[in-house]
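> These are the residues of each chain, in order.
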Amino acid sequence: DAGVIQSPRHEVTEMGQEVTLRCKPISGHDYLFWYRQTMMRGLELLIYFNNNVPIDDSGMPEDRFSAKMPNASFSTLKIQPSEPRDSAVYFCASSGGQGATDTQYFGPGTRLTVL
Amino acid sequence: AQSVAQPEDQVNVAEGNPLTVKCTYSVSGNPYLFWYVQYPNRGLQFLLKYITGDNLVKGSYGFEAEFNKSQTSFHLKKPSALVSDSALYFCAVRDKAGRRALTFGSGTRLQVQP
Numbered sequence: 546d547a548g549v550i551q552s553p554r555h556e557v558t559e560m561g562q563e564v565t566l567r568c569k570p571i572s573g574h575d576y577l578f579w580y581r582q583t584m585m586r587g588l589e590l591l592i593y594f595n596n597n598v599p600i601d602d603s604g605m606p607e608d609r610f611s612a613k614m615p616n617a618s619f620s621t622l623k624i625q626p627s628e629p630r631d632s633a634v635y636f637c638a639s640s641g642g643q644g645a646t647d648t649q650y651f652g653p654g655t656r657l658t659v660l
Numbered sequence: 009a010q011s012v013a014q015p016e017d018q019v020n021v022a023e024g025n026p027l028t029v030k031c032t033y034s035v036s037g038n039p040y041l042f043w044y045v046q047y048p049n050r051g052l053q054f055l056l057k058y059i060t061g062d063n064l065v066k067g068s069y070g071f072e073a074e075f076n077k078s079q080t081s082f083h084l085k086k087p088s089a090l091v092s093d094s095a096l097y098f099c100a101v102r103d104k105a106g107r108r109a110l111t112f113g114s115g116t117r118l119q120v121q122p
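Listed in order, the protein sequences are those of chains D and P.
Its first residue numbered 546, the first sequence is counted upward by one per residue in the numbering used here.
Its first residue numbered 9, the second sequence is counted upward by one per residue in the numbering used here.
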């Protein structure tokens, strides 16, 4: 399996612009997670889905952030408008599937820089 | 609420010596515990987990961890460190009966000197 795929790997944008991050989970996994990593706050959950349905979005910072999972093989995290404090590495992870385990497998991350 | 503490920002060890990276946790119910490793500019890589059963869990690359319920600890260990083990290590927990998302510790940087 190719593992969790994220794109882009790096994104540099200016304050106020819309940013869309993309994730393809491991085939057969039914849970998808979005995490954010910063120096100040470490790794924190933003939102997670089960069978394409958002289950817990309590970590989404504010209305500028939105996430969707239109099908089992694709999810997006959108920031509109972006701000410099959104600069971080955003990770997508997936878990579950047949013989389900609780191990979350992480993608390589998207490093976002908002100028 | 659940939490994880990794009391050491950095651990230094000489190659060939045993290493320990400490982790304590707090969770209301039964814990699922995980260790991940992160190399520079890479994602998190799963090392091992405790779900149930034996308190000593063996994982990838010769790492192991011991679950201690009374001390609420899950320390990561390796008998003989390699320079290539140098990386950032994260401990994580979730409540068995709770939400699926993981709560991570702040991370411990392991430096193995040749």
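Please keep in mind that the hints were generated in silico from the structure rather than gathered at the bench.
Among the hints, erroneous ones may be present.
Some, not all, of what chain P presents toward chain D, calculated at C-beta under 10 angstroms [stated by the list, open to error]:
| hint | residue |
| --- | --- |
| 1 | A22 |
| 2 | K66 |
| 3 | Y69 |
| 4 | G70 |
| 5 | N76 |
| 6 | K77 |
| 7 | A105 |
| 8 | R107 |
| 9 | F112 |
Here are the simulated EDC-like cross-link-like pairs (lysine to aspartate or glutamate), alpha carbons at most 16 angstroms apart as the crow flies [said to hold, decoys possible]:
| hint | chain 1 | residue 1 | chain 2 | residue 2 |
| --- | --- | --- | --- | --- |
| 10 | P | K57 | D | D602 |
| 11 | P | K104 | P | D93 |
| 12 | D | K623 | D | D602 |
| 13 | P | K77 | P | D93 |
| 14 | P | K104 | D | D602 |
| 15 | P | K57 | P | E16 |
So the derived label-pair ranges between C-beta atoms look like this [said to hold, decoys possible]:
| hint | chain 1 | residue 1 | chain 2 | residue 2 | range |
| --- | --- | --- | --- | --- | --- |
| 16 | P | P48 | D | G548 | 14 to 22 angstroms |
| 17 | P | T28 | D | D575 | 31 to 39 angstroms |
| 18 | D | S611 | P | E23 | 27 to 35 angstroms |
| 19 | D | T583 | P | Q119 | 34 to 42 angstroms |
| 20 | P | E16 | D | T648 | 45 to 53 angstroms |
| 21 | D | G561 | P | K66 | 46 to 54 angstroms |
| 22 | D | M584 | P | Q119 | 13 to 21 angstroms |
| 23 | D | T583 | P | S78 | 40 to 48 angstroms |
| 24 | P | N25 | D | D647 | 43 to 51 angstroms |
| 25 | D | T621 | P | T60 | 30 to 38 angstroms |
| 26 | P | G106 | D | S552 | 25 to 33 angstroms |
Glycine included, every Cβ here is placed at the ideal spot set by N, Cα and C.
> Taking the hints in turn, state whether each one holds.
Status of the hints after comparison with the structure:
1. A22: violated, 28 angstroms
2. K66: violated, 15 angstroms
3. Y69: For Y69 (chain P), the interface hint is violated, since the closest Cβ of chain D sits about 16 angstroms away, which is over 10 angstroms.
4. G70: violated, 19 angstroms
5. N76: Violated: closest Cβ of chain D sits about 20 angstroms from N76 (chain P), beyond 10 angstroms.
6. K77: violated, 18 angstroms
7. A105: Hint violated; A105 (chain P) Cβ to chain D Cβ min 12 angstroms, cut 10 angstroms.
8. R107: Since chain D brings a Cβ to about 6 angstroms from R107 (chain P), closer than 10 angstroms, the hint holds.
9. F112: For F112 (chain P), the interface hint holds, since the closest Cβ of chain D sits about 4 angstroms away, which is under 10 angstroms.
10. P:K57 / D:D602: Violated: K57 (chain P) and D602 (chain D) sit about 25 angstroms apart, past 16 angstroms.
11. P:K104 / P:D93: violated, 30 angstroms
12. D:K623 / D:D602: holds, 13 angstroms
13. P:K77 / P:D93: violated, 27 angstroms
14. P:K104 / D:D602: Outside the cut-off at roughly 19 angstroms; violated.
15. P:K57 / P:E16: Violated, because 20 angstroms separates the two Cα atoms, which is more than 16 angstroms.
16. P:P48 / D:G548: 14 to 22 angstroms: holds, 18 angstroms
17. P:T28 / D:D575: 31 to 39 angstroms: holds, 36 angstroms
18. D:S611 / P:E23: 27 to 35 angstroms: violated, 47 angstroms
19. D:T583 / P:Q119: 34 to 42 angstroms: With a Cβ separation near 22 angstroms, T583 (chain D) and Q119 (chain P) fall outside 34 to 42 angstroms, so the hint is violated.
20. P:E16 / D:T648: 45 to 53 angstroms: Distance hint for E16 (chain P), T648 (chain D) is violated at roughly 25 angstroms.
21. D:G561 / P:K66: 46 to 54 angstroms: holds, 50 angstroms
22. D:M584 / P:Q119: 13 to 21 angstroms: holds, 18 angstroms
23. D:T583 / P:S78: 40 to 48 angstroms: Given range 40 to 48 angstroms: violated, Cβ gap about 34 angstroms.
24. P:N25 / D:D647: 43 to 51 angstroms: violated, 32 angstroms
25. D:T621 / P:T60: 30 to 38 angstroms: holds, 36 angstroms
26. P:G106 / D:S552: 25 to 33 angstroms: holds, 31 angstroms
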